[in-house]
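Residue numbers (full-length UniProt numbering), protein chains in the order written: chain R, 1 to 214; chain P, 1 to 214.
Hints should not be assumed to be uniformly reliable.
What the hints assert, rightly or not - Below, computed lysine-lysine pairings styled on DSS-like, alpha-carbon distance capped at 25 Å:
1. R:121 / P:84
2. R:125 / P:84
3. P:121 / R:84
4. R:125 / R:196
5. R:65 / R:34
6. R:34 / P:125
7. P:125 / P:161
8. R:19 / R:165
9. P:19 / R:84
10. P:34 / R:125
11. R:189 / R:19
12. P:11 / R:84
Bear in mind the hints are in silico, worked out from the structure with no lab data behind them.
Number of protein chains: 2
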Amino acid sequence: MNVLVIGANGKIGKQLVEKLADDSGYTPKAMVRKEEQLQQFEDMGADTVLADVEGAVDDLAAAAKGMDAIVFTAGSGAQTGADKTMMVDFDGAVKSMQAAEQAGVKRFLIVSAIGVHRREKWMEKAPYYSAAKHYADEWLVASNLDYTILRPGLLTNDAGKENIKVDVDLERAEIPREDVANTIKASLKDNGTIGKAFDLTTGESPIELALQNL
Amino acid sequence: MNVLVIGANGKIGKQLVEKLADDSGYTPKAMVRKEEQLQQFEDMGADTVLADVEGAVDDLAAAAKGMDAIVFTAGSGAQTGADKTMMVDFDGAVKSMQAAEQAGVKRFLIVSAIGVHRREKWMEKAPYYSAAKHYADEWLVASNLDYTILRPGLLTNDAGKENIKVDVDLERAEIPREDVANTIKASLKDNGTIGKAFDLTTGESPIELALQNL
Chain R
1 MNVLVIGANG
11 KIGKQLVEKL
21 ADDSGYTPKA
31 MVRKEEQLQQ
41 FEDMGADTVL
51 ADVEGAVDDL
61 AAAAKGMDAI
71 VFTAGSGAQT
81 GADKTMMVDF
91 DGAVKSMQAA
101 EQAGVKRFLI
111 VSAIGVHRRE
121 KWMEKAPYYS
131 AAKHYADEWL
141 VASNLDYTIL
151 RPGLLTNDAG
161 KENIKVDVDL
171 ERAEIPREDV
181 ANTIKASLKD
191 NGTIGKAFDL
201 TTGESPIELA
211 LQNL
Chain P
1 MNVLVIGANG
11 KIGKQLVEKL
21 ADDSGYTPKA
31 MVRKEEQLQQ
41 FEDMGADTVL
51 ADVEGAVDDL
61 AAAAKGMDAI
71 VFTAGSGAQT
81 GADKTMMVDF
91 DGAVKSMQAA
101 EQAGVKRFLI
111 VSAIGVHRRE
121 KWMEKAPYYS
131 AAKHYADEWL
141 VASNLDYTIL
151 RPGLLTNDAG
161 KENIKVDVDL
171 ERAEIPREDV
181 ANTIKASLKD
191 NGTIGKAFDL
201 TTGESPIELA
211 LQNL
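This is chain R alone, in the form it adopts within the complex (with noise of 0.2 Å):
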C-alpha cells in the first residue's frame, strides 16, 4: 500500500514514515517542505517528495499521483500565528483533498483535534484553531473522498501504550503521539474505518480491536 505522508516532518509524521517503512506491506512517501529534511526518511527507506501545502494544488496532485492513501498529519504549529494556521490546517488540508481527487486518491485520513466537532468544546484562547481543524474535517466529509478522521486528544511524548479508546466523544485525556501514529496505520488497513470520525485518546483496548469496534 504506497501511502502519501503530507507533514512527515511532523512529530506524529515521522513516527508514522518509520513504523510505514519497517512494515512490509506499506511503502510509505514522506512529503516535505524542505531539502534538509529528506535526508532522514531516505535513511528509514522511504519514498521522498519535496512540496509544500501552501504551494500549488498541481504539485499536490504530482505527489499523491499512484498512492493508494493519503495522510494529512501537516500543522503550521504552536509558535506561528492563525495567519498559518488558516493557510496550513485549514487551507493547507482542502488543497490536499483537492489533489487526492485530481489525482484519483481516494483514501485520505485526517489528524485532526479532539472535540472540535463540537462548538462548545472549542478552545477558548484559540478558536480559530479549533476552527480550522473542524472546517478541514467538514470539508473532508462533504467530499468524495473515502475519509478517516482521527480526532486525537492532548498530544505527549511518550512512548506508545498500544491501547486506546475510540468514540464520537471522549473526555479530553492524553494519548502518545506514538499512538496516534499506530492507530493511523491500523487504520489503513481497516476498510470499516472508511467514513468515520472519532475522538481517539489512550485506553485500554489493543488498537486493531478498538476500530473493529467503532
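Based on the hints, put chain P in the right spot on chain R.
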C-alpha cells in the same frame, strides 16, 4: 420585505440599512453587537437586534426569525488579526447561514471580495483574508440557501455613481461602498440574482440593468 442586516454597523451595512429604511418596499432590521450602536438605526426608523456572529447560532437564528432575507456584510476589519478574520469573516458567516436554515430564511446575500474565487488572485500579504472570504462563499454555495455572492472591488467612501459592472471575473477596480449597498438593495428585489456570484466594480450600466444582464 423583511431584511436582517448582519454587520449593520459597518460602512456598507449602515448605508444599506438607511437605504432600505427609506424605501417602503423594505423593512430592515439592523443587527449590531453593542447597545450604543442601536440608536442610530432607531433614528433611521429601522428595527434593531443585539447579537454577535461570534456568539451562539441560536441567538442568530432568533434574530433571523420572520425575515425574508439576510444580508451578511460583517467583517472583522483591517485592524484585527487573522484570528478574528477566521472567527468573523468565515466562521461568523457560516454560523449566519446555519441560523438562516434554522430560522427558515431561504434568501441569503453575502458581501465577499473581488477575485477570491481565484486562488491566483488571493491577496499576497493577507492570503488568510482571501481564504476566509472564499471559503465562506463556498460554504454558501454548498448550502440549500437561495444565495447571491457579491464580490466588490476596492472599496471607497465616494458617493455612489449608480453605475456598475458585474461579471464572474473583473479587473481589480474601485467601487464606492454606497454602490455596493445600492447593488445589494437591487439584488434583494431581483430573483434572477439567486444562485449567482459576481465581481462588482464601478462601470457604465445602471445597477438594475447590470444585474438583469448577469
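Here's how the hints hold up against the structure:
A hinted pair counts as satisfied when its Cα atoms are at most 25 Å apart, and residue 121 of chain R with residue 84 of chain P qualifies at roughly 18 Å. Proximity of residue 125 of chain R to residue 84 of chain P is assessed by CA-CA distance (about 12 Å); at most 25 Å being required, the pair is judged to hold. Annotation: proposed proximity of residue 121 of chain P to residue 84 of chain R holds, straight-line Cα distance about 18 Å (limit 25 Å). Between residue 125 of chain R and residue 196 of chain R, the direct Cα distance comes to roughly 28 Å. Violation of the 25 Å bound is thereby established for this hinted pair.
In summary, the hint linking residue 65 of chain R to residue 34 of chain R is supported, as the alpha carbons are separated by about 20 Å, within the 25 Å threshold. Under the criterion of a C-alpha separation no larger than 25 Å, the hint pairing residue 34 of chain R with residue 125 of chain P is consistent with the structure, at around 22 Å. For the hint pairing residue 125 of chain P with residue 161 of chain P, the CA-to-CA distance comes to about 30 Å; that exceeds 25 Å, so the pair is violated. Restraint check: the Cα-Cα separation between residue 19 of chain R and residue 165 of chain R comes to about 21 Å, which is no more than 25 Å; the hinted pair holds.
As the CA atoms of residue 19 of chain P and residue 84 of chain R are separated by approximately 39 Å, the hinted pair breaks the 25 Å bound. At roughly 22 Å between alpha-carbon atoms, residue 34 of chain P and residue 125 of chain R fall within 25 Å of each other, so this suggested pair holds. For the proposed pair residue 189 of chain R and residue 19 of chain R, the alpha carbon gap of about 13 Å is at most 25 Å, so the pair holds. Of the pairs offered as hints, the one joining residue 11 of chain P and residue 84 of chain R is violated, with about 29 Å between alpha carbons and a cut-off of 25 Å exceeded.
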